[in-house]
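Mind docking these for me? Both chains are given alone in their own frames, and the hints should help you get the complex.
Keeping their order, the protein sequence lines are chains F and W.
Each step along the first sequence adds one to the number in my numbering, with nothing skipped, and position 17 is 28.
Each step along the second sequence adds one to the number in my numbering, with nothing skipped, and position 59 is 129.
Just so you know, not all the hints are guaranteed correct.
Claimed, not checked - The list that follows gives simulated cross-link-like pairs (lysine to any residue, SDA-like), each with its CA atoms no further than 25 Å apart:
no.	chain 1	residue 1	chain 2	residue 2
1	F	57	W	110
2	F	57	W	176
3	W	113	F	92
4	F	57	W	150
5	W	159	F	13
6	F	57	W	109
7	W	113	F	44
8	W	113	W	154
9	F	117	W	182
10	W	137	F	37
11	F	57	W	175
12	F	117	F	69
13	W	113	F	12
14	F	57	F	13
15	W	113	F	52
16	F	57	W	112
17	F	117	F	94
18	F	57	W	71
19	F	57	W	123
20	F	57	W	152
To be verified - Taking beta-carbon pairs under 7 Å as the criterion, some of the chain W residues facing chain F (in silico):
no.	residue
21	114
22	115
23	117
24	131
25	133
26	167
27	179
28	180
29	181
30	182
31	184
Derived from the structure by calculation, the hints contain no laboratory data.
Just so it is clear, the structure is predicted and the values come from calculations on it, not from any experiment.
Just so it is clear, CB atoms sit at the ideal spot from N, CA and C, and this is done for glycine as well.
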Amino acid sequence: QSVVTQPPSASGTPGQRVTISCSGGSSNIGRNNVYWFQQFPGTAPKLLFYANNQRPSGVPDRFSGSKSGTSASLAISGLRSEDEADYYCAAWDDSLSAVLFGGGTKLTVL
Amino acid sequence: EVQLVESGGALVQPGGSLRLSCATSGFTFSDHYIDWVRQAPGKGPEWVGRSRNRANSYSTDYATSVKGRFILSRDDSESSVYLQMNSLKTEDTAVYFCARGYCASGAYQGLDYWGQGTLVTVSS
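Next up, chain W with everything else stripped away, as it sits in the complex (with noise of 0.2 Å):
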């Protein structure tokens, strides 16, 4: 069974730094995707970043609102990939979900599976 677990979701000050996680299993982890994906209280999804696969050399790739102050990594080893945030703002606050991004015969298929989200509150 797919699963993605994501964590890390805490309230921080503006200007302040945190770390989110996202566990993965039930699937070949190297081969596909990941994507994290905010949503602020009361709006749609928003972007936030790409971690490809191994095919793709794990590029990544961010959304502009976060790009220079987020930072996505991921672990093989541990299926897990890492989104650290840093200079938080008070509109970086949202639900973070990560979602595969399922890879088949070399086509990108979209977010098949999503996890139940983390929440992060950037406030004084």
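The following block holds chain F by itself, in its conformation from the complex (with noise of 0.2 Å):
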């Protein structure tokens, strides 16, 4: 289906390892690459991963990124404070000629 959903949130504590998924169709992540992207309170999103598990120079190797037929994963290991933010993935949909974002998972460190 031409529609990328993610959970609304998940929570963990410093330290933990948190796991954030991306479920689409195979018209989008079944097809094509996924983008991850972390978003702070009035900023504008950033990437983390590119084509699936690629990380742009800059993000830390706490952060990877994974893609499995139609769905998709951003983990994060030892989880931090400022690891605290929306996360969204992202793909293009052949169907639609378009990208498609997920909803976001807003991401709070207890």
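Written out as structure tokens, the structure is:
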């Protein structure tokens, strides 16, 4: 289906490992690369991963990305308070010829 | 230093038009895509459209929600991309960001640099 879905919230304590899922369909994640963004209030999104699991320079290796079939995941290990932010996945959709963003996951560090 | 600066946001009445600009610097403009992404207050990002690079014949694509109303154009001499927005609706109210779609060795590698955004408010 031409929609990309994320859980609205996730949480963890400092030092923990947290995973955020991103579910799509055969026309988007199933055929195309997934991108992950991190966003803090009042700022533009920041690219965390391109091509499913490729980390731009400057992104800590505590962050990892993966994709399998029509789903993708973002994992954050050694959770820190500064990781508290909104996280979005995105992928090109061949049926719509458009980029689809997931609804976003608000990560809370307890 | 790569920079993207949006301008042109304003308060406009429903049915009106507005033209946003995205001025870029610090990179070879014709080598990369430029996307527009908008974000309504309290909502997540919504992709608006893409202007591809010279290697891809400057082709464009649009979100379903704006197709037929919004038009992208680019001026390589000015290293700028423009978003002409027509028949504006209240639901178009958002901060509009432009972002560079980085391309290397023929491969697209994501929206790596973003502008600060410009606010468009559609209201009577």
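These are the hints, each one checked on the structure:
1. This hinted pair checks out: residue 57 of chain F and residue 110 of chain W have alpha carbons roughly 17 Å apart, not beyond 25 Å.
2. As the CA atoms of residue 57 of chain F and residue 176 of chain W are separated by approximately 22 Å, the hinted pair is consistent with the 25 Å bound.
3. Straight-line distance between C-alpha atoms of residue 113 of chain W and residue 92 of chain F comes to about 23 Å, which keeps the hinted pair within the 25 Å bound.
4. Straight-line distance between C-alpha atoms of residue 57 of chain F and residue 150 of chain W comes to about 21 Å, which keeps the hinted pair within the 25 Å bound.
5. At roughly 24 Å between alpha-carbon atoms, residue 159 of chain W and residue 13 of chain F fall within 25 Å of each other, so this suggested pair holds.
6. Proximity of residue 57 of chain F to residue 109 of chain W is assessed by CA-CA distance (about 14 Å); at most 25 Å being required, the pair is judged to hold.
7. With a C-alpha separation of about 23 Å, the suggested pairing of residue 113 of chain W with residue 44 of chain F holds against the 25 Å cut-off.
8. A distance of roughly 23 Å separates the Cα atoms of residue 113 of chain W and residue 154 of chain W; the hinted pair therefore holds under the 25 Å criterion.
9. Restraint check for residue 117 of chain F and residue 182 of chain W: the C-alpha separation of about 21 Å stays at or below 25 Å, so the hint holds.
10. Restraint check for residue 137 of chain W and residue 37 of chain F: the C-alpha separation of about 23 Å stays at or below 25 Å, so the hint holds.
11. Proximity of residue 57 of chain F to residue 175 of chain W is assessed by CA-CA distance (about 22 Å); at most 25 Å being required, the pair is judged to hold.
12. A C-alpha spacing of about 22 Å is found between residue 117 of chain F and residue 69 of chain F, which places the hinted pair at or below 25 Å, so the restraint holds.
13. A C-alpha spacing of about 22 Å is found between residue 113 of chain W and residue 12 of chain F, which places the hinted pair at or below 25 Å, so the restraint holds.
14. Simply put, residue 57 of chain F and residue 13 of chain F have alpha-carbon atoms about 24 Å apart, close enough for the 25 Å limit, and the pair holds.
15. This hinted pair checks out: residue 113 of chain W and residue 52 of chain F have alpha carbons roughly 11 Å apart, not beyond 25 Å.
16. Among the hinted pairs, residue 57 of chain F with residue 112 of chain W is consistent with the structure: their alpha-carbon atoms are about 17 Å apart, no more than 25 Å.
17. Proximity of residue 117 of chain F to residue 94 of chain F is assessed by CA-CA distance (about 10 Å); at most 25 Å being required, the pair is judged to hold.
18. Between residue 57 of chain F and residue 71 of chain W the alpha-carbon distance is near 16 Å, which keeps this suggested pair within the 25 Å criterion.
19. Under the criterion of a C-alpha separation no larger than 25 Å, the hint pairing residue 57 of chain F with residue 123 of chain W is consistent with the structure, at around 22 Å.
20. At most 25 Å may separate the alpha-carbon atoms for a hinted pair to count; residue 57 of chain F and residue 152 of chain W meet this at roughly 22 Å.
21. A hinted interface residue such as residue 114 of chain W counts as satisfied when its beta carbon comes closer than 7 Å to some beta carbon of chain F; here the least separation is about 4 Å, so the hint holds.
22. The beta carbon of residue 115 of chain W is positioned within 7 Å of a beta carbon in chain F (closest approach about 5 Å), and the interface hint is therefore held.
23. Below 7 Å, beta-carbon pairs count as interface contacts, and residue 117 of chain W has one with chain F at about 4 Å; its hint therefore holds.
24. The beta carbon of residue 131 of chain W comes within 5 Å of a beta carbon in chain F, closer than 7 Å, and the hint placing it at the interface holds.
25. Using the Cβ-Cβ criterion of 7 Å, the hint placing residue 133 of chain W at the interface with chain F is satisfied: the shortest such distance is roughly 5 Å.
26. A least Cβ separation of about 5 Å between residue 167 of chain W and chain F falls short of the 7 Å threshold, and the interface hint therefore holds.
27. Checking residue 179 of chain W against chain F: minimum C-beta separation of about 5 Å stays under 7 Å; hint holds.
28. Taking 7 Å as the C-beta cut-off, the interface hint given for residue 180 of chain W holds, the closest approach to chain F being about 3 Å.
29. Given the 7 Å rule on beta carbons, the hint for residue 181 of chain W holds: about 6 Å separates it from the nearest Cβ of chain F.
30. The interface hint given for residue 182 of chain W is met, as the beta carbon of that residue sits about 5 Å from the closest beta carbon of chain F, less than 7 Å.
31. The interface hint given for residue 184 of chain W holds, since its Cβ lies 4 Å from the closest Cβ of chain F, which is under the 7 Å cut-off.
Hint compliance for this structure: every hint is met.
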